[in-house]
Amino acid sequence: MEVNILVGGAAGQGMDTVMNLLGKALTREGYGLIYTKDYMSRVRGGHNFSRLRIAAGKPWSNVETFDILVALNEETYYLHHDNLAPSGRVIYDPRLFDLPDDETRGVSVELENLAEEAGGKVMANTVAVGALLVLIGLPGTAVEELLKETFADKEGVAEENILALKAGMDAASRFCSSCFPLPSKSEGGKKLFIDGNQVLGMAALASGCRFLSAYPMTPSTGVMNYLAGKMKDYPIVVEQAEDEIAAVNMALGASYTGARSLTCTSGGGFSLMVEGLSLAGMTETPLVIILAMRPGPATGLPTRTEQGDLEFAIHGGHGEFPRAVLAATSHEDAFYRLNKAFELADRYQIPVLFLSDQNFADTHRTVEQYDFSRLNYNRCLAEEGQYEEPYKRYRFTESGVSPRALPGQFADQVVLVDSDEHDENGNIIEGAQARRLMVDKRMRKLTALAEEMDEPDLYGDPHPDTLLIGWGSTYGVLREAVDALSASGAKTAMLHFSDIWPLPRKRLNSLLPEVKLSCCVENNVTGQLASIIRRETGHLINRSILKYDGRPLLAHEIIAEVEKNAES
Amino acid sequence: MLKAEDYLVGETAWCPGCGNFSIRNALASALSELELSPHEVLICSGIGQAAKTPHYIRANGFNGLHGRALPPALGSRAANKNLKVIVASGDGDSYGEGGNHFIHNIRRNPNLAHLIHNNQVYGLTKGQASPTSEQGMITGVQVNGVAAPALNPLAMGLVLGAGFVARCFSGEKEHLKETIKAAINFEGYALVDILQPCVSFNKVNTWGWYKQRVYFPEIKDPQDWPAAMEMSRQWGEKIPLGIFYNHPRPIFESSLPALEGEPLASRPFDPASMSRVQDEFL
Ligand SMILES: Cc1ncc(C[n+]2csc(CCOP(=O)(O)OP(=O)(O)O)c2C)c(N)n1
Ligand code: SF4
Ligand SMILES: [Mg+2]
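So the sequences go chain by chain: A and B. Numbering-wise (this note's numbering), the first sequence opens with residue 1 and increments by one. Numbering-wise (this note's numbering), the second sequence opens with residue 569 and increments by one.
Worth flagging that the hints you see were computed from the coordinates, not collected in a lab. There could be a bad hint or two in this list.
To be verified - To be clear about the criterion: a stretch of chain A counts as covered by chain B if any three or more of its residues have a C-beta under 8 angstroms from a C-beta of chain B, and this derived list gives those stretches:
#1 147-153
#2 204-212
#3 228-236
#4 272-279
#5 419-426
To be verified - Covered stretches of chain B, as calculated for chain A (at least 3 residues, CB under 8 angstroms):
#6 593-601
#7 646-653
#8 666-680
#9 732-740
#10 760-766
#11 814-826
Bear in mind the structure is a predicted one, so any value in this text is a computation, not a measurement. Backbone N, C-alpha and C fix where the C-beta goes; we use that ideal spot for every residue, glycine too.
Bound-form chain A, shown alone (with noise of 0.2 angstroms):
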């Protein structure tokens, strides 16, 4: 059993702010969700729409259609009116817009009137979430608990959105009350409800980021907002900077003295920093970077999503330098394999790539508390009597790692480090001996690098016909494709990447010569991952499905296109 809302109105009519509040109370009175949404690059007008999905257990991702529309202008009505189940509900203004008389759905409630004499128009959602948890059988005290939270510092605010709240409940009570009954709680103690840029946001706090340094870009500025906004009670520096190039710069600049470093960004910004990255590997300075995807090419759909620089984050930056590409697959997982970044990066010295995209970075989830001991901060320094003296910022090592110092760590000891190619001091050189050596050294870390990347999740049949193959944010999604597929009865499985390069390949070494179909599944034209995996193992993947028109990969979608090809 679940309940499915989708909520649509122009971009300003404060969407937001009423999913937010809905979506912590549920996860308050322990229900678990998932919500997402589809924003237009524009602050006034257009076409914005939520959606909220309320299942047992963990939904994993959203459904395309639904059980209860709320509009907030007509628009909204006839765009979706199609996706809205038979026996759903839409809350509507009829001050605002008359439904068609055919449309035997309508819950009407006058939710600007309402607002006004609660106290004025501006709470017009808040009658909204007032109809809804009538409709949904929830009482109103945990919504009310939160906007006493949300404006304890604002006189008479929080009492004239309950009076709000409380006009949009009798409103729409007399339509239908608990219509759409609640699914069963999830187990467990209490829960976060969290969006993807937050979760990063806060593993970077508490991996011990000390620096960021980004130039806003959506989807990527959530991190940069929630960093900052710790600014004021903890020991971070977040500045914005000129452009992406300085921002790179600057990150660098801090790690090498000694702060644990991030920059954050989308495709157009990440174009300007990889003269920046290739930096990084050439001086090897640790550094981390949150590439979150958007549709290219140039500026593309800005607030739409897509898997699309893949490829450009393996190879972005002229030269050869050692480097790992991670991704955020899960809220569950984020949090700890961003930490796994700034652990790598300080390591091997390297710039670790942490790709995430739209899909990822706005949506919120119910997800179990984290576990803060689980998080490692390993600065990989060198101590007082561990490297030789002089010091030379680029001794050779069988490792390939040299011991790194700070400036000023040690008492007449300098740390040099150059762009040109350089010798163990970090000093300029040209010879054709010196430059094999010290590409040699760099290029070992890769051996043990390689090592530290995971397997990709097998999840579903052990002995699988159908594997479908997927990275980064489509977790979810396929995750629900194949418990479908499963209960249907195809064996199917599902490997899913969030280490993605160095590429691990043991798993799919073992499982791409015994299965009957692999499919990568992408949020891109080309089917980025499936050419990396031919070219790094040599197995050849039978499909692709492949979805580019800006939006997340549906559950439905995958399932056809499987189905499709088991038929053919």
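Based on the hints, put chain B with the ligands in the right spot on chain A.
Structure of chain B with the ligands alone, referenced to chain A:
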């Protein structure tokens, strides 16, 4: 205390007679006289002839990308405010490729000394025009002469709110050394534009050309902004040298609560102590 010679390291790759030698010597003397140990100093640079400075002075060094000397310098100030940070780079690097960082770091006002070895040409890439090349100067690329008027870095610095604005000439060694010392000691962003002959590629602005023109005006009030502006705009028959403007204002670092106390880089940390940050999502 280290002597000036003790700061000189490496085999320089500059042309004999290049103005960079005097700048390097002046910097070494300044560090010595300020009694700064090599490990307390960080020199950031971009790419170019001037930008090779970190290889030739014993100190910490971040020899980064062309045009990108300032951003790592800013990052390093955030991570370790105990370091004396000096940016030493060329005119092309600082005003051309790195122009955006020049603008915005003056606005930010971090505590660093920015020494621009201004030879009015791209030396390393063999003589193309730089933003400060004289209008009309003929090069292999500007075959009909540089069309655009030269950029005035000092006037630009003043307009953007730089608190320390100075012009030096590599041939006036004592003045150069003293100005570098003042810039290092200045609380905030200090702009020192150093006229530097490039014997190989700048046949217009030669050592003699500069020597004939430079003079030391009397600077009555270093906080008189209009007077500083006037001096910064003098160019041609007479070129004034000196610290035209010296007027500190709050620095970048002072706006950051995180920087109170120990430098960020040396603070201990335990992730397990952070678990309460998730409470806001409950
Ligand atoms: C991104 C990039 N573009 C171009 C270059 C080539 N390049 C190196 S130094 C330089 C100009 C240097 O001029 P300036 O900064 O005035 O230094 P100078 O050599 O005159 O001291 C150029 C164009 C480069 N290294 N990197
Ligand atoms: S090319 Fe010019 S700036 Fe470069 S070292 Fe030679 S004289 Fe100096
Ligand atoms: Mg130059």
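Now the hints, each set against the structure:
With 0 residues bearing a CB less than 8 angstroms from a CB of chain B, the region 147-153 of chain A misses the requirement of three and the coverage assertion fails. Counting residues of the region 204-212 of chain A whose beta carbon lies closer than 8 angstroms to any beta carbon of chain B gives 6, which meets the minimum of three for the stated coverage. For the region 228-236 of chain A, the proposed coverage by chain B is satisfied: 6 residues have a C-beta within less than 8 angstroms of a C-beta in that chain, meeting the threshold of three. For the region 272-279 of chain A, the stated coverage by chain B holds: 3 residues have a C-beta nearer than 8 angstroms to a C-beta of that chain, and at least 3 were required.
For a cut-off of 8 angstroms, the count of residues in the region 419-426 of chain A with a CB near a CB of chain B stands at 3, and the three-residue condition holds. Counting residues of the region 593-601 of chain B whose beta-carbon sits less than 8 angstroms from any beta-carbon of chain A gives 0, not enough to reach three: the coverage restraint is violated. Only residues whose C-beta sits within less than 8 angstroms of a C-beta in chain A count toward coverage, and the region 646-653 of chain B has 5 of them, enough to reach three; the restraint holds. Three residues within the 8 angstroms Cβ limit are the bar, and the region 666-680 of chain B against chain A gives 4, so the coverage statement holds.
Here the region 732-740 of chain B counts 0 residues with a CB under 8 angstroms from a CB of chain A, which misses the bar of 3, and the coverage is violated. Counting residues of the region 760-766 of chain B whose CB lies closer than 8 angstroms to any CB of chain A gives 0, which falls below the minimum of 3, so the coverage claim is violated. Beta-carbon proximity to chain A at under 8 angstroms applies to 3 residues in the region 814-826 of chain B; the threshold of 3 is reached and the given coverage holds.
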